[in-house]
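Can you build the whole structure from these sequences, using the hints too?
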Amino acid sequence: MRTGRVIEGVVRSGRRLGRELGFPTANLDVPRDLELEDGVYRSRVRVGGRTYEAMSNLGCNPSVGGAERRLETHLFDFAGDLYGRRLRVELLDRIRGERRFASVEELRAQIARDKTHIQNLNTMFLDLNIPYKVADMSLAEWGRKEIEIAEHEMPGLMAVRRKYGAAKPLAGVRIMGSLHMTIQTAVLIETLVELGADVRWCSCNIFSTQDHAAAAVAERGVAVFAWKGETLPEYWWCTAMALSFPGGKGPQLIVDDGGDATLLIHKGYKAENDASTLDYAPSSYEEEVILETLRRLLAEDGDKWHRTVAEWRGVSEETTTGVHRLYQMQAAGELLVPAINVNDSCTKSKFDNLYGCRESL
1 MRTGRVIEGV
11 VRSGRRLGRE
21 LGFPTANLDV
31 PRDLELEDGV
41 YRSRVRVGGR
51 TYEAMSNLGC
61 NPSVGGAERR
71 LETHLFDFAG
81 DLYGRRLRVE
91 LLDRIRGERR
101 FASVEELRAQ
111 IARDKTHIQN
121 LNTMFLDLNI
131 PYKVADMSLA
141 EWGRKEIEIA
151 EHEMPGLMAV
161 RRKYGAAKPL
171 AGVRIMGSLH
181 MTIQTAVLIE
191 TLVELGADVR
201 WCSCNIFSTQ
211 DHAAAAVAER
221 GVAVFAWKGE
231 TLPEYWWCTA
241 MALSFPGGKG
251 PQLIVDDGGD
261 ATLLIHKGYK
271 AENDASTLDY
281 APSSYEEEVI
291 LETLRRLLAE
301 DGDKWHRTVA
311 EWRGVSEETT
321 TGVHRLYQMQ
331 AAGELLVPAI
341 NVNDSCTKSK
351 FDNLYGCRES
361 L
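Take the sequence shown: its letter number 216 is residue 216 in this note's numbering, and every next letter is one higher.
There's no promise every hint is true.
[Claimed, not checked] BS3-like, lysine-lysine: derived pairs with alpha carbons at most 30 Å apart:
1. 133 / 350
2. 270 / 249
3. 145 / 168
4. 350 / 168
5. 267 / 348
6. 133 / 270
7. 133 / 267
8. 115 / 228
9. 168 / 249
10. 115 / 133
11. 145 / 249
12. 115 / 249
13. 115 / 348
14. 133 / 228
It should be emphasised that the hints constitute simulated quantities derived from the structure, not laboratory data.
Below you can see the structure in the form of structure tokens.
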């Protein structure tokens with residue numbers, strides 16, 4: 001959580017101008033050391049044990065003669081009185097700068113446009129303001145203890161850290177993983193981070209995540225989207241989130257297990273060239289979910305997968321299903337990047353025979 005974007009306090013009384021404009025607001029004092037730019041923000045408010053979507057104005061509100069910097073927040077779908085109650089406001093996206101309007105009517109019209117714009121943003125499929133999504137962060141301490149034990153059982157990865165950690169050979173490289181989010185995977189993830197990589201991760205199976213492992217990795221600042229018992233729509237949302245880096249970028253390298261991340265990129269790339277490739281009757285519920293996921297992503301960003309492919313350098317595939325898909329795409333001339341067949345590699349079989357599966361990841 002970006003604590004510099006969070007303002008907490010007790011709602012103070014105001015002039016009720018927001019109510020007169022049709023947008024009642026809760027007013028909070030602003031910390032003197034807050035360095036955020038003034039303006040209108042998409043925000044999220046926690047009050048009374050519930051969370052509300054909202055819009056906030058940070059500044060002096062010059063259109064109505066304001067002089068004191070404050071935070072005015074309009075909660076969507078909230079009915080009741082907020083005076084004297086404690087609020088926690090998280091400022092997400094700055095929509096526009098603060099400015100003076102010529103009339104109250106002009107101000108009211110702009111506020112209405114701001115609200116509509118923010119509500120549209122809130123319905124977007126992807127939200128990169130979410131730093132991670134796991135089942136329970138209170139499990140992180142337990143996960144950290146098991147990771148420390150696993151490090152003693154995974155000497156290959158630990159040797160890589162010792163040999164290359166200082167040099168940071170992966171500095172700035174964007175790596176996405178779609179691989180069982182277990183304790184052993186956590187050691188791999190943290191090895192990649194130690195080598196300098198920018199890592200985003202999801203699980204490749206709706207039931208395989210160890211929630212304490214996911215929590216421990218998230219606590220260390222890794223963008224992980226995984227929990228045990230995901231629904232299929234949640235699973236494909238997690239995959240899309242893990243594939244989406246800040247700044248509209250995608251991964252440069254992918255660690256795939258089963259080929260789902262690779263599949264989403266290839267089908268999305270085709271759909272950006274011809275949206276009708278998504279217009280067919282799905283053969284299963286999961287295929288229906290995949291098609292709907294791709295339609296929503298296409299509606300939000302019609303160039304997402306082309307930007308991703310432009311910087312995508314390759315994928316490693318862990319298992320037979322994904323390898324079969326890769327060979328099929330290669331035979332059809334559709335494979336967009338080089339791929340490493342980890343499933344049939346000599347190093348995997350050697351590690352499996354010597355150590356079991358833990359380091360063949």
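Status of the hints after comparison with the structure:
{"no.": "1", "hint": "133 / 350", "result": "35 Å, violated"}
{"no.": "2", "hint": "270 / 249", "result": "18 Å, holds"}
{"no.": "3", "hint": "145 / 168", "result": "25 Å, holds"}
{"no.": "4", "hint": "350 / 168", "result": "27 Å, holds"}
{"no.": "5", "hint": "267 / 348", "result": "29 Å, holds"}
{"no.": "6", "hint": "133 / 270", "result": "29 Å, holds"}
{"no.": "7", "hint": "133 / 267", "result": "25 Å, holds"}
{"no.": "8", "hint": "115 / 228", "result": "36 Å, violated"}
{"no.": "9", "hint": "168 / 249", "result": "21 Å, holds"}
{"no.": "10", "hint": "115 / 133", "result": "26 Å, holds"}
{"no.": "11", "hint": "145 / 249", "result": "34 Å, violated"}
{"no.": "12", "hint": "115 / 249", "result": "28 Å, holds"}
{"no.": "13", "hint": "115 / 348", "result": "54 Å, violated"}
{"no.": "14", "hint": "133 / 228", "result": "12 Å, holds"}
Comparing the model with each numbered hint stated earlier shows that hints 1, 8, 11 and 13 do not hold.
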